[in-house]
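Whenever a hint applies, use it, and build me the whole structure from the sequences.
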Amino acid sequence: MKKVLFLAVAAVSFSLASCDSKKEDAAENKADAVEANADAKADMMEAKADSTRKAGDNMSDAIENKADTTKKM
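Residue numbers (mature numbering (1 follows the signal peptide of the UniProt record, and there is no 0)): -17 to -1, 1 to 56.
Certain hints may be false.
Said to hold, decoys possible - Quick list of in silico lysine to any residue cross-link-like pairs, SDA-like style, CA-CA up to 20 Å:
id: 1; residue 1: 31; residue 2: 42
id: 2; residue 1: 49; residue 2: 38
id: 3; residue 1: 55; residue 2: 43
id: 4; residue 1: 31; residue 2: 41
id: 5; residue 1: 24; residue 2: 14
id: 6; residue 1: 49; residue 2: 39
id: 7; residue 1: 24; residue 2: 34
id: 8; residue 1: 6; residue 2: 18
id: 9; residue 1: 5; residue 2: 17
id: 10; residue 1: 37; residue 2: 47
Said to hold, decoys possible - Label pairs and their computed distance ranges (CB to CB):
id: 11; residue 1: 9; residue 2: 49; range: 53 to 63 Å
id: 12; residue 1: 33; residue 2: 5; range: 38 to 48 Å
id: 13; residue 1: 54; residue 2: 14; range: 55 to 65 Å
id: 14; residue 1: 14; residue 2: 47; range: 44 to 54 Å
id: 15; residue 1: 7; residue 2: 29; range: 28 to 38 Å
id: 16; residue 1: 16; residue 2: 53; range: 53 to 63 Å
id: 17; residue 1: 49; residue 2: 14; range: 45 to 55 Å
id: 18; residue 1: 32; residue 2: 12; range: 26 to 36 Å
id: 19; residue 1: 51; residue 2: 26; range: 36 to 46 Å
id: 20; residue 1: 27; residue 2: 6; range: 27 to 37 Å
Since the hints were made in silico from the structure, they are not lab data.
Beta carbons are placed, not taken as given, at the ideal position from N, Cα and C, and that holds for glycine.
Quick look at the structure:
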């Protein structure tokens, strides 16, 4: 009987412990929003870096082509 009562009390304690308060939910939602914002900024920075790298590659190719044309003359 004592074991059954102990297990019942333990089960109730665990179920109550897993309930979040409104304050905890708000903090989790804020943290999720901050994380999503950081991910969006990181994606934007990666896209900008890719664009800059591609522009640099294009400029390099143009300079090499001009140099090749100049050598042929």
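Taking the hints in turn, this is what the structure says about them:
1. 31 / 42: holds, 16 Å
2. 49 / 38: Status holds; Cα separation ~16 Å.
3. 55 / 43: holds, 19 Å
4. 31 / 41: holds, 15 Å
5. 24 / 14: holds, 15 Å
6. 49 / 39: Between residue 49 and residue 39 the Cα gap is close to 15 Å, so the pair holds against 20 Å.
7. 24 / 34: Given that 20 Å is the threshold and the Cα spacing comes to 15 Å, the pair holds.
8. 6 / 18: holds, 18 Å
9. 5 / 17: holds, 18 Å
10. 37 / 47: holds, 15 Å
11. 9 / 49: 53 to 63 Å: holds, 60 Å
12. 33 / 5: 38 to 48 Å: Roughly 42 Å apart at Cβ, these two residues keep to the hinted range, so it holds.
13. 54 / 14: 55 to 65 Å: holds, 59 Å
14. 14 / 47: 44 to 54 Å: Holds, since residue 14 and residue 47 (Cβ atoms, about 49 Å apart) stay within the stated range.
15. 7 / 29: 28 to 38 Å: holds, 33 Å
16. 16 / 53: 53 to 63 Å: Holds, at about 55 Å.
17. 49 / 14: 45 to 55 Å: holds, 52 Å
18. 32 / 12: 26 to 36 Å: Since residue 32 and residue 12 have Cβ atoms about 30 Å apart, the given range 26 to 36 Å holds.
19. 51 / 26: 36 to 46 Å: holds, 37 Å
20. 27 / 6: 27 to 37 Å: Holds, at about 32 Å.
This entry satisfies every hint, going by the numbered hints stated previously.
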